[in-house]
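There are 2 protein chains.
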Amino acid sequence: MNATAKPADESAAGKAATDAWLDEIAWDERGLVPAIAQEAFTNRVLMVAWMNREALRETVTTGQAVYWSRSRKRLWRKGEESGHQQRLREVRVDCDADVVLLKVDQVGGIACHTGRHNCFFRRLEDGRWVEIDPVLKSASEIYGK
Amino acid sequence: MNATAKPADESAAGKAATDAWLDEIAWDERGLVPAIAQEAFTNRVLMVAWMNREALRETVTTGQAVYWSRSRKRLWRKGEESGHQQRLREVRVDCDADVVLLKVDQVGGIACHTGRHNCFFRRLEDGRWVEIDPVLKSASEIYGK
Chain A
86 MNATAKPADE SAAGKAATDA WLDEIAWDER GLVPAIAQEA FTNRVLMVAW MNREALRETV
146 TTGQAVYWSR SRKRLWRKGE ESGHQQRLRE VRVDCDADVV LLKVDQVGGI ACHTGRHNCF
206 FRRLEDGRWV EIDPVLKSAS EIYGK
Chain B
86 MNATAKPADE SAAGKAATDA WLDEIAWDER GLVPAIAQEA FTNRVLMVAW MNREALRETV
146 TTGQAVYWSR SRKRLWRKGE ESGHQQRLRE VRVDCDADVV LLKVDQVGGI ACHTGRHNCF
206 FRRLEDGRWV EIDPVLKSAS EIYGK
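Listed in order, the protein sequences are those of chains A and B.
Position 18, counted from 1, in the first sequence is what my numbering calls 103; the numbers after and before it change by one each time, with no gaps.
Position 111, counted from 1, in the second sequence is what my numbering calls 196; the numbers after and before it change by one each time, with no gaps.
Don't read these hints as lab results, they were simulated from the structure.
Hints may contain errors.
For identical chains, the list gives no copy identity; a pair is met inside one copy or between any two copies.
[As the list claims (entries may be wrong)] In silico SDA-like pairs for lysine to any residue, Cα to Cα no more than 25 angstroms straight-line:
1. 222 with 137
2. 222 with 104
3. 222 with 103
4. 158 with 218
5. 158 with 126
6. 158 with 217
7. 188 with 211
8. 188 with 126
9. 158 with 183
10. 222 with 124
11. 222 with 116
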């Protein structure tokens, strides 16, 4: 086997030692699972994003939430632009092993790119989606553009 | 137009009157979105399932959670066999409109088909998934088989 054919962390020995828990995840046909980020101290649901194997491994290794951006087709280290990282407290998986739940501390108290505490700021009221949670920080303040 | 070509609830007039909020959902290529069920009074995440348009409409109309079973390819009225219905308190949608969050009261205090309070009963501990939440009722008690 040509050792240069794979990145170091995918070597057979490394995989055997560390990745059994990743093999138990029921990755979908794209190699992804949905991941829910839940605020550890309030239990509020912050957001849902997608993870591939690398994202989940790096999340656990570094203790900071890392997702897979489907639009940008690359790892998305949450907070890399906004500073709004998510510090990992706990990782859970559901009965079918096809959804991951992260309990996190949300840096800055803002998880949504719209500057709100979380992404679920619209509630259905009389057949209409109504914005009920405030913008805490404008996009220009967060992203400086 | 042949009136028999579509089910009654998809008629143009009915759609215009009632379904604008459903059109705002970013259904995936299969016509589905993930739906998180969260226990209203504890904020604990109970489960994640999938919804199509009919499931979400019926959930809102009846006030009981209805999902789309991908394995059985039919509507799954949560609790239809177990009795563990989910009574709807609130529906939210996220910033991209591609995830739905239901706040519910969980009948029987059991959401998972394994007889546990919720489906996220395994936590990652030292590289292993460990079952940390108890079975409250056996499958034979729930399903009578």
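How the hints compare with the structure:
1. Taking CA atoms no more than 25 angstroms apart as the test, residue 222 paired with residue 137 passes in neither setting, with 30 angstroms inside one copy and 34 angstroms between copies.
2. For a Cα distance limit of 25 angstroms, the shortest separation of residue 222 from residue 104 qualifies neither inside one copy, at 39 angstroms, nor across copies, at 32 angstroms.
3. In this homomeric assembly, residue 222 and residue 103 never come within 25 angstroms of each other (Cα to Cα): the closest approach is 40 angstroms inside a single copy and 34 angstroms across copies.
4. Proximity of residue 158 to residue 218 under the C-alpha cut-off of 25 angstroms is found in neither arrangement, the shortest distances being 30 angstroms within a copy and 36 angstroms between copies.
5. When the C-alpha separation of residue 158 and residue 126 is checked against a cutoff of 25 angstroms, the pair qualifies neither within a copy, at 32 angstroms, nor between copies, at 37 angstroms.
6. In this assembly of identical chains, residue 158 and residue 217 lie within 25 angstroms of each other by CA distance neither inside one copy nor across copies; the values are 32 angstroms within and 35 angstroms between.
7. Only between protomers do residue 188 and residue 211 lie at most 25 angstroms apart by alpha-carbon distance; the minimum there is 16 angstroms, versus 32 angstroms within a single protomer.
8. When the C-alpha separation of residue 188 and residue 126 is checked against a cutoff of 25 angstroms, the pair qualifies both within a copy, at 9 angstroms, and between copies, at 18 angstroms.
9. Taking the shortest alpha-carbon separations for residue 158 and residue 183, both the intra-copy value of 20 angstroms and the inter-copy value of 18 angstroms come in at or below 25 angstroms.
10. For a Cα distance limit of 25 angstroms, the shortest separation of residue 222 from residue 124 inside one copy, 19 angstroms, qualifies, whereas the shortest one across copies, 29 angstroms, does not.
11. Taking the shortest Cα distances, residue 222 and residue 116 never come within 25 angstroms of each other, neither inside one copy (34 angstroms) nor across copies (34 angstroms).
When each numbered hint is compared with the structure, violations occur for hints 1, 2, 3, 4, 5, 6, 11.
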